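Chains as they are written, first to last, in my numbering: chain U, 1 to 596; chain R, 597 to 896.
Bear in mind the hints are in silico, worked out from the structure with no lab data behind them. These figures come from a predicted structure and were not determined experimentally. Please note that the accuracy of each hint is not assured.
Straight-line C-alpha distance at most 30 Å; calculated DSSO-like pairs for lysine-lysine [stated by the list, open to error]:
id : chain 1 : residue 1 : chain 2 : residue 2
1  : U       : K556      : U       : K281
2  : R       : K786      : U       : K421
3  : U       : K400      : U       : K308
4  : U       : K7        : U       : K71
5  : U       : K421      : U       : K400
6  : U       : K26       : U       : K421
7  : U       : K294      : R       : K786
8  : U       : K71       : U       : K109
9  : R       : K786      : U       : K419
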Amino acid sequence: MAEPILKVRNLAVGYPTPAGMLQPVKGVSFDIDAREVVGLVGDAGSGKSTTALALLGLARAPGKIMGGSVKFDGRNLLTLPDEDIRAIRGRDIGIIVQNPRAALNPMLKVGRQIGNAYAAHNGGSASDARAQAIEMLRMVGINDPERRVDTFAHELSGGMAQRALIAMALSSRPRLLIADEPTSGLDVTIQAQFLDQMWQTVQMTGSAILLVTQELGVIANYCDRVLVLHEGRIVEDAPVRQFFAAPRHPYSQDVLRLYREKGSDYPAQVASGAPVLMQAKGLTKNFPIRHSSKVVHAVDQVALTIRKGEAVGLVGESGSGKTTVGRCLVRLVDPTDGTILFGGTDLSRLSNAAMRGYRSRVQIVFQDPFDSVNPRWTIAQILDEPLRLHSTDDAAARRKRAAEVLALVNLPEALLDRKPKGLGAGALQRINIARALILRPDFMVLDEPTSVLAPRARNALIALLARLQAELGISFLFISHDLTTVRFLCQRVAVMYLGQIVEEGSVEQVFSAPQHPYSRALLSAHLFPDPTHRRVDHPEAAALQGEIPSPIDLPKGCYLASRCGFANDACRSTPQVLTQQDGRAVRCHRVVAGEI
Amino acid sequence: MSALPDIDALPALPPKRADWLFRIGLVIVITVTILAAIGPYIGPYDPMLTTVRVAQPPPSLVEIPGLLTSWFAGTLPYPPHFMGTDVSGYDIFSRVIAAPRTDLVIALTANFLSLAVGVFLGLIAGYFRNVATELLMRVSDVMQSFPVFISAMVLVTLAGRSTSNIVIALAFVYIPIYIRLTRAEVLSQKSRGFVEAARAMGNSEIAIALRHVLPNSLTPALIQSSVTIGFAILLTAGLSFVGAGVRPPTPEWGLMISTGANTIILGEWWPSVFPGIAISLTVFGFAVLGNALERRYEDG
Chain U
1 MAEPILKVRN LAVGYPTPAG MLQPVKGVSF DIDAREVVGL VGDAGSGKST
51 TALALLGLAR APGKIMGGSV KFDGRNLLTL PDEDIRAIRG RDIGIIVQNP
101 RAALNPMLKV GRQIGNAYAA HNGGSASDAR AQAIEMLRMV GINDPERRVD
151 TFAHELSGGM AQRALIAMAL SSRPRLLIAD EPTSGLDVTI QAQFLDQMWQ
201 TVQMTGSAIL LVTQELGVIA NYCDRVLVLH EGRIVEDAPV RQFFAAPRHP
251 YSQDVLRLYR EKGSDYPAQV ASGAPVLMQA KGLTKNFPIR HSSKVVHAVD
301 QVALTIRKGE AVGLVGESGS GKTTVGRCLV RLVDPTDGTI LFGGTDLSRL
351 SNAAMRGYRS RVQIVFQDPF DSVNPRWTIA QILDEPLRLH STDDAAARRK
401 RAAEVLALVN LPEALLDRKP KGLGAGALQR INIARALILR PDFMVLDEPT
451 SVLAPRARNA LIALLARLQA ELGISFLFIS HDLTTVRFLC QRVAVMYLGQ
501 IVEEGSVEQV FSAPQHPYSR ALLSAHLFPD PTHRRVDHPE AAALQGEIPS
551 PIDLPKGCYL ASRCGFANDA CRSTPQVLTQ QDGRAVRCHR VVAGEI
Chain R
597 MSALPDIDAL PALPPKRADW LFRIGLVIVI TVTILAAIGP YIGPYDPMLT
647 TVRVAQPPPS LVEIPGLLTS WFAGTLPYPP HFMGTDVSGY DIFSRVIAAP
697 RTDLVIALTA NFLSLAVGVF LGLIAGYFRN VATELLMRVS DVMQSFPVFI
747 SAMVLVTLAG RSTSNIVIAL AFVYIPIYIR LTRAEVLSQK SRGFVEAARA
797 MGNSEIAIAL RHVLPNSLTP ALIQSSVTIG FAILLTAGLS FVGAGVRPPT
847 PEWGLMISTG ANTIILGEWW PSVFPGIAIS LTVFGFAVLG NALERRYEDG
């Protein structure tokens, strides 16, 4: 067995705080072998990013590396003189940071940036650097690299900018690449593209990767080995299959519990005789553009039916209009056209004052738990507000009810007199859910409620939502780009693309046999946390080409035609209609005709 | 939730220098405030009464301990003039410490008037954006494009030279700052999740504006208050200096400098320099306090 390229022993990082020295990383030890892809997973605050930085001998001020050793190539990086370690950073160890789009300098040509990164460590003339830049761009799959090398970052599409960044990080063919949550905040299709490209490029350069992430899907699909960081220590170090099959540490078991218990069963369908609770027909929302007669077509003729006790998932990439649909249903946005029937009343026609009477029955939970509560209020005041507005109870009864809903979302009553500051994302999101539940609504919109949560908090929240649905019989519209969550929670699912629903059916129908080309692409790009079907082992043809068209000037025919591998002339010229077929609906004439 | 806080969220330790400035500012502001309450009664002389000793220079520093000793022993014929006397025979020290009663009270009242009006208009302008509020913003742009000193001078001259008119003029010229600050904060607060949540709960727009947006938008205006009070003191003094402020013989720093300026050419520097130092220190104190508060707010 070859010697590992990186040997970390007892690495510790400390931060001085008014309360004394805090150690986010306390004694971390692990190895990385040549050409190995190692995932580093853990909650927010577990010390992942701090560890990654410390490997380069860096600590964010006022932090300090307190001890341990990082042996790379037999040399301890922590005791090397500054010049020597600077030579290693970027040349032998490459870095890709969070938010890759912001990492390219908008003032320099792409080729110059890649060339500079190369020349800084390898010397050589300007023409060498340029040749190397072209070579790297070719390697990351950019067409016509001789021309692209002279473009600026803003001239590249998002996907190409990310490839350029990979090219920059790998231009010196580093032996180790540290990627710190490189895809956080990206859409699934782009995330998959980026990780595929990174993975393929390191196959050519022969680099090892330390991939820092919170996403189990990313770990399962790209990594060979998993390191679990919990409270500043590595609590598990296992090959990826073994980790998913038999996690040993209680924290890892906690993280994986949901996937392991639920197995591959789909949630049971709501009885078909269940009464319809919420029904949107022809829902349309256009946003006018300032100083222009054009409009943004955010939502286009959306129809949705949600039965009593049913959870309907609404999935799609950012910009597909799913959030606007959710907001229209609870009238936070006034639809341009269409009806929203809720128990026989058309909410879209109500005046603001009349709508206030329905606010106790339709509720919404937002994506960002920190932003959704008034920071100056105590939890008791936050939970009291809906009761104060809608109930006639006295203060004592209202406080009792607030304690009740806190218990319902598994939070201690003692929180009532605290303020939101200092609470974690998971706890705050439960408070948001408690506030939405306190008036016993019939219908709730959940707008990406789990997207900012760390894996464990996310699992707990999903379990909580499943329990609430079973116990209280509330209907949900669950808006999410996380297909794994939708698969666990929802009975039916609608897929949105550019403001339209392109496919709708039971979760089982859509997930096991997606019909619309867009649904297929979305599902194939999704990283399910299952290491036995790794994406890198079963390469799939790029399902969609190009970028999403602008929602201002929409194509005449099918909106997907420009990106779809199945498109023919009829697709490009005729608008597509949503066609019902055996309990599901699909917006594609070729699928309906049985051609694909 | 893990027991460890998110390391990214850990506050950086505030720099030492800022803390030091904050304390100096606080000491000056507290001293001036105390003087505004009791200044006119604790000086060795009545600030409104002249003495027979005209244009007497201040004692030199080495003489002061001896003067104090004999004063307390009761062997002096009259209390010492620590900062000398002016051409009319007023004791400058007694007047310098009595002046905050005039300056600070004018500045404080003016500031709180403009704070109240400015925050209210800023809330409306930020929360309800329409033709009327856009018009309000344009009017406030025009107001801000005049130098505050000129605007205040013109206003006082037009309305008449009384204390209440000075207060109103000062309040008026500072209103646009508060409108702008509050409006900017309201614009960012009103798009936050808790505002939308409040709407989803069935609050009326007015309730949302008053209960959720306003309390979360006050901080910048409150911090600005400290700076504005300092500058309002300077402006009060400035108005008296050009003869558009309070009437003599009210003890007031600007007025004292103005009186002293006539004789400075004869080498009598003390009637104007001591009130000048008092103004500088006070404005400095309020400004650094405001800066330190702002930094603390930005650091969270």
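So, against the hints stated earlier in the document, which numbers end up violated here? Per hint list: single violation, 8.
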